[in-house]
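Chains as they are written, first to last, in our numbering: chain Y, 183 to 554; chain S, 183 to 554; chain G, 183 to 554; chain F, 183 to 554; chain B, 183 to 554.
Any given hint might turn out to be false.
Copies of the same chain are indistinguishable here, so a pair counts whether it falls within one copy or spans any two.
[Claimed, not checked] In silico SDA-like pairs for lysine to any residue, Cα to Cα no more than 25 Å straight-line:
1) Lys361 - Asp281
2) Lys551 - Ser485
3) Lys301 - Asp348
4) Lys278 - Ala449
5) Lys284 - Asp459
6) Lys284 - Val452
7) Lys368 - Gly217
8) Lys358 - Val220
9) Lys549 - Asn488
10) Lys366 - Pro216
11) Lys448 - Gln298
12) Lys284 - Gln343
To be clear, the hints were calculated from the coordinates, so they are not data collected in a lab.
Quick caveat: nothing in here was measured; it's all calculated off a predicted structure.
Residues per chain, in single letters:
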Amino acid sequence: MPKDKNKVPHLIAFHLPKFNRSRRKASRKAGLPPGTLVHVGEKREEEVKITVIDYDETTYQEKEVESVADCYTFKDTETVSWINVSGIHNTEIVQKMGDVFKLHPLVLEDILHTGQRPKIEEYEGYLFIVLKMLFRDKEKKDIISEQVSIVLTPHAVLSFQETEGDVFNLIRERIKEAKGRIRKMKTDYLAYSLIDAVVDHYFVVLEQLGERIEFLEEDLISDPHPATLRAIHGLKNELIYLRKSVWPLREVVSNLERGESPLIRKATRVFLRDVYDHTIRVIDTVETFRDLVSGMLDIYLSSTSNKMNEVMKVLTIIATIFIPLGFVAGLYGMNFDNMPELHWRWGYFFALGFMFIAALGMLAYFKRKGWL
Amino acid sequence: MPKDKNKVPHLIAFHLPKFNRSRRKASRKAGLPPGTLVHVGEKREEEVKITVIDYDETTYQEKEVESVADCYTFKDTETVSWINVSGIHNTEIVQKMGDVFKLHPLVLEDILHTGQRPKIEEYEGYLFIVLKMLFRDKEKKDIISEQVSIVLTPHAVLSFQETEGDVFNLIRERIKEAKGRIRKMKTDYLAYSLIDAVVDHYFVVLEQLGERIEFLEEDLISDPHPATLRAIHGLKNELIYLRKSVWPLREVVSNLERGESPLIRKATRVFLRDVYDHTIRVIDTVETFRDLVSGMLDIYLSSTSNKMNEVMKVLTIIATIFIPLGFVAGLYGMNFDNMPELHWRWGYFFALGFMFIAALGMLAYFKRKGWL
Amino acid sequence: MPKDKNKVPHLIAFHLPKFNRSRRKASRKAGLPPGTLVHVGEKREEEVKITVIDYDETTYQEKEVESVADCYTFKDTETVSWINVSGIHNTEIVQKMGDVFKLHPLVLEDILHTGQRPKIEEYEGYLFIVLKMLFRDKEKKDIISEQVSIVLTPHAVLSFQETEGDVFNLIRERIKEAKGRIRKMKTDYLAYSLIDAVVDHYFVVLEQLGERIEFLEEDLISDPHPATLRAIHGLKNELIYLRKSVWPLREVVSNLERGESPLIRKATRVFLRDVYDHTIRVIDTVETFRDLVSGMLDIYLSSTSNKMNEVMKVLTIIATIFIPLGFVAGLYGMNFDNMPELHWRWGYFFALGFMFIAALGMLAYFKRKGWL
Amino acid sequence: MPKDKNKVPHLIAFHLPKFNRSRRKASRKAGLPPGTLVHVGEKREEEVKITVIDYDETTYQEKEVESVADCYTFKDTETVSWINVSGIHNTEIVQKMGDVFKLHPLVLEDILHTGQRPKIEEYEGYLFIVLKMLFRDKEKKDIISEQVSIVLTPHAVLSFQETEGDVFNLIRERIKEAKGRIRKMKTDYLAYSLIDAVVDHYFVVLEQLGERIEFLEEDLISDPHPATLRAIHGLKNELIYLRKSVWPLREVVSNLERGESPLIRKATRVFLRDVYDHTIRVIDTVETFRDLVSGMLDIYLSSTSNKMNEVMKVLTIIATIFIPLGFVAGLYGMNFDNMPELHWRWGYFFALGFMFIAALGMLAYFKRKGWL
Amino acid sequence: MPKDKNKVPHLIAFHLPKFNRSRRKASRKAGLPPGTLVHVGEKREEEVKITVIDYDETTYQEKEVESVADCYTFKDTETVSWINVSGIHNTEIVQKMGDVFKLHPLVLEDILHTGQRPKIEEYEGYLFIVLKMLFRDKEKKDIISEQVSIVLTPHAVLSFQETEGDVFNLIRERIKEAKGRIRKMKTDYLAYSLIDAVVDHYFVVLEQLGERIEFLEEDLISDPHPATLRAIHGLKNELIYLRKSVWPLREVVSNLERGESPLIRKATRVFLRDVYDHTIRVIDTVETFRDLVSGMLDIYLSSTSNKMNEVMKVLTIIATIFIPLGFVAGLYGMNFDNMPELHWRWGYFFALGFMFIAALGMLAYFKRKGWL
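Bound conformation, chain Y alone:
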């Protein structure tokens, strides 16, 4: 019953909402002067939260600020200041932040417009980095992509997230507890840590995809049905979008590592090389998944045709055996006056015997053909 099988709810992650949403907004913005600040993304209700963590090797301070102006004090101090903005739907806050840190209007526009591809841009005195954070929505089983914008200045790192996520919590903790070398390093290392956290999270998503692929492979071999096809198709589409996020990422990290920017110290570059390595592995895995999934499609198609073959064989065997026998029966059902066989004593039994032998012959033929 294909009906029931179609209801394999966790398989049908088949949709392209994220993508369309941002695309639509992009077109609505068409025609506005460049640098116009309009939030393009999902409208949210939560309040925007600004957290500042200010530290150096010996001091540590964390606080949630009320207004953007409070950030001004952290701007040029020698300590490393990490200002994280969760929620970018309040364009005013982003605008003020831009005023405080003297950011180019195009930077502010890109922070607000969540349809960016990962990129890095060098401006005078700061670097602007856009990343895509990926995670899976627990309920809907979808991959969700969120934009993270990072501004790296000599004494501060600004980060803008669409929602308050927990991906950066481990970094907060590391800073607080002075784990690893983070407290001894400068803003470039902090920016590296943020990027590293984002890239590391890709592996979580890939792992879940990998499990789905394995699950589908088993399905494919044991019992392929139309829902399997749809699930493969959905997976393929997700990989198309995933790929779109990870390829530009590579360029971003490579530019950071090999770029000439004085903001990146030499000691940090070796760590960036490590992140670069990870992005390459992410890309490798995505490409491998694509190969696997497209192989699965081939297998699905040919197993469909195998099934059809089997169906046809059953039909052919039954029809080939019984249609001729039916003919013989019909023959002796004719009402001609003069049909001598009908009056033979063992005529009926001869006929039965003949039919039996013919049927056996057919079966032997099918056996030889390898259809049985």
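For chain Y, the structure is supplied; the task is to place chains S, G, F and B on it using the hints.
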């Protein structure tokens, strides 16, 4: 009834007229000396309209000029002059414009010949840029492509459109109302604004394509029929043409941004980088659409074969159950004199019972096979 | 009746003669010392014709020369001399021409061997250019490719054609009537004009291919049959060969434009850039055609499978309705002594009624399945 | 009976365990500070074994050391010291080794994390090389990949293996018996020898794959069945993973050969060029295998459809012959009162003869169609 | 009868022996120290033959030498010496040759190991070139590839062949009879001549492949059967191997032409450019063949499905006409007591008429559907 389904008019945007039209003209021109001015494109009746907007930070003047000679006064003034020509079927006007601004004959030829690919060419004292503006014809649901040629000189920007469009209206307004920075900048920023308007309009077209893709995806899953296939095929062909327009665009913008031309000021380059970013996103989206559409084709094919499978199963089940039963019935329809079963009291009921049990056995077999 | 449809003569341009012909000759030549002059190409009977056009801004002279030695006088005069050789099957003439103009033996070999790919080679004092001219044979509807070799020296341009064609006639006329700038320019502009004429002719061929593609598209949608498939296949093969000719062409023109050769003056380079642009458009079109044709193949395959689906549905509907009914009829055709229904008064009519209702039920089922 | 054929145990090497295992671990590590030493790989029980071989042209010494501290004495001696660590699940030992040789924390992290891609990284004073050793598990018939990390310092080579393998035994022997030039060369030649041994082992794996491909080709031609398809699919997946290992290898060896590192002497570079050559051949072979395997898939699919064709032909022939005959028989089984033929003397025999002739006609028709 | 058709012996050139043979040997060599001389290739019995041709513009001398030591006298003379070794299974001879000409052990290893890809390597004082000579085995119809190694020194050219072939005979003759410029040139021209001979021979092989492709195309159109598929598959595999040989060849010749080696004189470079041109044409042809063959596969698949369509149509037509008629016949074969039609005078003829009209109606329906 596939008949009715074939009449899904808004799906069958299946044609290649634009392309052929320009191609044909191109061949007719074969053999003429280079620089011969012949208009290649759709013949139009409307009058050619020349509008001049002349401005700097403080002054603003807009007027529709009667003759090309009137443009001469704007040629070398320090203010920025934007001369827009709507309609290029009047070759004489283009010729005169070329005389006034000392344009190379090949530039004039390319302005008139609407089969160009997007390109940028550097001449002494000016840059020549060809773009393709895309929009959808409201009625025919087709993507229409129109050539926009831009000549960028130190003090003037000439733009040539095939018809009077409304894409540049927002720029006119921005200049008039001194919105954004446009009034403070020079001709290079104006040229950037024109390019930006053209590229931004691509997102509108892509959004519409995206909606059609979504619509087709749903169709494909709920009820694929031959018209779906034709719609996918049409979409695929449109993407082939779209792709042809957007790939060279990338090179054009990249050349502008990274080129050495003294006509492009440093302050404008950061905006060009932004347009470059947008073209990359346009290309990304087109490629993603291509991947999606080619995936849809696979799905269509396999759902066709799924359907066939289902049809075959029904046939096989019916035939496999009833052909053997029919044989048994035929058997006892034979007219042999000596057929003892016929004379048994319960023979008929035995026969019926046997048939019933055989049918049940068959059904059980199909159940086990998973065909029911 | 597929029989008739197979006879769509103008569609079956399905062959690879040109290609093989030159390939075969190439193998026969294997082993000869380099520089051996053997004509490789179609053997022709017509006489070889040598025409000289000698001109500068003020003078003009055109004559057909009898012997190669007559060309010697034109070799180093300040005027531009265009020596055109129609027919290269007379190796002696080519040899003598080589002696007069001091051409490298490998150049002469390549002129005679018509299986070259388009290429450009710089020798001391001259440039050697090989092009492929394409045109369609009127009768056979085939694309024919002919080799054109051009030798560009400071004061003369030699051109070698396989047959006397009319592609260069327009250039002759332009020179004669001093149209355009050709009489004011040097040999490099003449060479450019020849290349331009060859490239412009590609558009004519592409236009014809485009028409065939459109024609096939319509065929494909209205009524695909095996001859359509063969025509698509033939088109695909033609595009494979076409592609082989146009890709190297791009490199040739690009080398000419960007090369360092002192033979190419700056004023001519801007025209070469224009030809380059045209070759790019030719390549674009060929690639687009390839995409279209390969899409057509997919459509053909799936419409075949759609057709099969429809055939199967008819069979299934008929068989599924009548086989069970036939069984019921067979049932009451049995000859058991004790079959009470047979003796019921309205038995026959009950049976008929039952059959009718069963048939209606089946039809309803098919309706629900969407098969009717 | 497809049932039996499915049990072709040595064909069904269809799994992706290795890959997933490391991927999963990678995600668990997400969020830890960089340089945290956690072993990512299969947990093993065997003890970690450290062997030191210390040699120059005249001296030779081999011993198994108990503690890492014992290695310190070999660190800066002029002789070449090869310290091999078999088993890396003991993170403490790796940590100590890092302390002794002053390795960067990221190097230690990469040694322990067995999900690396082949890579080479230059650090101050040493080179860090990661390779993937491939071999086939004897029992499971799977390709197993093991990480080999090599640290090349001026006076010592450290190598880290996941398990104690026998691939390096031949090198040990060569050193011991002073075969070839190894005793006369420095650490760079030793590192080269290790890489060479790893790459040479790839050929063994490829040879086994080649045998499986040949085996499957034969299967495919003589008797394709669903298990063949699964085996092809499994092979394809293995090649996807194999490819992932060998492509980066090429870059590693190329970097070593062409790199600027002072650790690589000129005399060794010619040998590295040789290894480079081998990796190219490995890649070539993998790509060739991919082409072959994807060709096999096509063949499988079309032979499935050939089989179906044959099945359909049998059905069609039988049905087409006997259904019309059955109709004729049914005709004369009708019970109309007035059926003159029934009372003809030879009616029955006429009917039989007619049927016989009809059947012969059908057979002739099929013969002409080429179906028999 | 597919049985007979499968026996199309000259089509089934379906094998990968050459390839495997060398691969296997390669693995056996794994683990040996680099530079170990082991012959990897087909074991042969014939004696190794060493021929020396020594010449300059005026002198000429050809002799077969007995021992390698005899070659020593030719090593540094000013004349050009060509030492050709036919048969490399005698490793001792190669070893001695290496001693005389001071070749690097890796060079000797590569000469003996016939699984090399075409390559060029520069050593101090000589160039080492490996080529693959292709020819078709007359009997087995297979493409055979043989390794040719060339060592180019200032005064001598060494060439090593696996067997004594006749490809170089024409060069020998040209030297002997002082045809062309070969006697006036140095060793680089001789090396060029050898390479040219090898490359020219590729055209012979390609021509034969081209003929097989044409032959198969005709087969494909007139009457495709499973053996055609296998032949296409075999052709495809041969092209995969061919491609593997020709792509690296291009790099070899390009390196020779553009390289910096002082061994290549300027006068020879123009000839190398010619060979380069030929290799490009070889590659072009191989790629074209690949495109053609993969197009043939598509055609085969769709003609299979066309055939199936036709088979299904016949079945459907017959079944659709006769099953309903059979039902009607069965209806009047029922034995109900009360069946008024049976007793009508013209009942039988009415029934026959009805059947006839029904059959005609069906035929008309099929006609309209285009199935007849």
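Okay, the hints, checked on the actual structure:
1. Lys361 - Asp281: between (34 Å within a copy, 19 Å between copies)
2. Lys551 - Ser485: both (21 Å within a copy, 15 Å between copies)
3. Lys301 - Asp348: Close inside one copy (23 Å), not across copies (32 Å); limit 25 Å.
4. Lys278 - Ala449: Classified as between; 23 Å across copies, 33 Å inside a copy.
5. Lys284 - Asp459: between (33 Å within a copy, 22 Å between copies)
6. Lys284 - Val452: Result: close only across copies, 15 Å inter versus 30 Å intra.
7. Lys368 - Gly217: Only across copies: Lys368 and Gly217 sit 17 Å apart there, 31 Å inside one copy, limit 25 Å.
8. Lys358 - Val220: between (35 Å within a copy, 22 Å between copies)
9. Lys549 - Asn488: both (18 Å within a copy, 18 Å between copies)
10. Lys366 - Pro216: between (40 Å within a copy, 14 Å between copies)
11. Lys448 - Gln298: Classified as between: cross-chain Cα gap 24 Å, same-chain 29 Å, threshold 25 Å.
12. Lys284 - Gln343: Within. Shortest intra-copy distance 20 Å satisfies the 25 Å Cα cut-off; inter-copy 39 Å does not.
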